[in-house]
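Asker: Given next are the chains, with one letter for each unit.
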Amino acid sequence: MNIENIKSQFPIFSKKINGKTLVYLDSSNSSQKPMSVINRLDNFYKNEFSNIGRSIHSLSVNATNKFENTRTSVKNFINANSIDEIIFTKNATESINLVASTFGQQNIKKGDEILITELEHHSNYVPWHYLRESKGAIIKFAPINDDGDIIISEFEKLITKRTKIIAVTHLSNVTGTIVPVKEIIDIAHKKNIPVLVDGCQSAPHISIDVKELDCDFYAISCHKVYGPTGVGILYAKKKWLEQLPPYIGGGGMISEVTKDKISYNKLPEKYEAGTMPTAEVVAFDESIKFMESIGIKNLVDHEKKLTNYALDKLRGINSVEIVGNPKNKAGVISFTIKGVHPHDIATILDEDGVAIRAGHHCCQILHKRLNLSATARASFGVYNTKEDVDILCKSIDNCRKIFNLK
Amino acid sequence: MDLKELYQDIILEHGKSPRNFGKCEKHNHEAKGYNPLCGDQVKIYLRLNKKKTVEKLTFEGSGCAISIASTSIMTELVKGKSFIVAKSIIDEFLNMIKNGTKIKTRDLTEDQKTKIMSLSGVKQYPMRVKCATLSWHTLISALDGKKMDVNTEKLD
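Protein sequence lines correspond, in order, to chains P and U. Residue numbering for the first sequence follows this note's numbering, starting at 514 and increasing by one per position. Residue numbering for the second sequence follows this note's numbering, starting at 2 and increasing by one per position.
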């Protein structure tokens, strides 16, 4: 695997940031885009644009086909059973909201329980909170240990007869914990409880097989997967999509409309109301092709090696502390420097062209659990190199110098 | 811009050893400020006496070097000033950070002006402006006796 060749496919890396070469370590937030994806967007708008599914003319037929091609690619990419199980949304947040809202409407009553974990991003908590407000549901948080691993025995104890759904992240965007979701799903299914997996962080960094996981719902954010913004994916088992009510109402999701009755469209259109981000969905096919051209296994191996290299180097720097030490960790490293606030770290690193994120990363529950108000986070993508890590460490040294740390 | 202009020694020093830190006794005004983007929180305590002079002014909170230093310097400069002078110093500070205007007030000594102007470099870092201004907005709220917490995302 030739990283220089991969990096050269991303035009942003030829730009200078503050006069320095860009070291992009914020892929957990959003990934950069390869030229093929940018070209596809450009070309679609220039030569192929039309709305989909509504018109008979050739442009519309072509656009619809291209849009549906992506659906098939996504189905294959995550190993779903059918294209009917792939719903395009605005983002993963909307995917989770779709499930919380429709599942909640149908299945949650006062006093029913929703089990999530202390690792969750706000987007896998707030939608469930709405059910606490509207239906009187109870939200339980499965605890983690200081390493950032979910304590499975405690998790099991929190499941009761009133647990209606479990929602858990596949990969923490703070500690990099790879959660044993298969184990959790097996436990839940023995008690007939459906499981939603928030796959926002996992999609580009570990391989996903929804059939093997047997999850009921899986949410993906395409802009984190080398794709355009404005597109998310909800995978859901067909039985759920058939059973649950529709979410957003409007054109495209209906079958027959009269003054006193409306029937809804078949899957997957039942969940895709209004004009979709057509060009973006079409271009996302190129993101999948890009990852397949590298090979998911190579991509995972590369990031694993890079993470271990970075952990070793960072642990060797005085006053740097890594947040969490999970059993299985992906390319997300949150850290603190004793005596330097994460925001100051981010400003100083930015001056060196190093883009990291600082703050609570939309995980206030987790930060409180770890007794931290904020952390700095470096996260990797396929384009990152050991040299990037070296520059990060040098820039951290610069922080220590500015703050007169020993 | 050189980072040394942002992280001047005086800012690093105040950031590390803030003045007037903690809850003051017999305060009769207080206000809370919050920056939801980063989780920084500040609580301002002050005692306004019968002559409407800021007799005591302290703070509690957590934040970055810029935010702690800005708050620490603020408490030093505003303590002992009348309500009206306090308000005009706040105005001048916010104007300096937003618009780059100079500090002209005659109510501060030259030394104090140098201190307050050490924060002017923040203007060059738009993402950090709220770090520097959170406590000043919270002080306005405390002076005015407002009940609502200050939230940096809800300010103009």
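It is possible that part of the hints are untrue.
To be verified - Which stretches of chain U does chain P cover? Using the computed rule of at least three CB atoms under 8 Å from a CB of chain P, they are:
no.	segment
1	34–40
2	59–65
3	115–127
Said to hold, decoys possible - Taking lysine-lysine and the DSS-like style, the derived pairs with C-alpha atoms no more than 30 Å apart in a straight line are:
no.	chain 1	residue 1	chain 2	residue 2
4	P	529	U	5
5	U	155	P	603
6	U	124	P	907
7	U	5	P	826
8	P	851	U	147
9	P	881	U	33
10	U	116	P	919
11	U	155	P	533
12	P	588	P	533
13	P	750	P	774
14	P	919	U	57
15	P	529	U	88
16	U	147	U	5
17	U	116	P	881
18	P	914	U	124
19	P	881	U	155
20	U	148	P	851
21	U	53	U	5
22	U	5	P	914
23	P	914	U	116
24	U	124	P	528
25	U	155	P	907
26	U	5	P	528
27	P	881	U	114
28	P	533	U	148
29	P	774	P	703
30	P	919	U	88
31	U	105	U	5
32	U	44	P	907
33	U	44	P	851
34	U	17	P	914
35	U	5	P	899
The set of hints was computed from the structure by calculation and includes no laboratory data. Don't be surprised by glycine CBs; every beta carbon is placed ideally from N, CA and C.
Asker: Enumerate the violated hints, using their earlier numbering and listing them in ascending order.
Answerer: 3, 8, 11, 12, 14, 15, 16, 17, 20, 21, 25, 27, 28, 29, 30, 32
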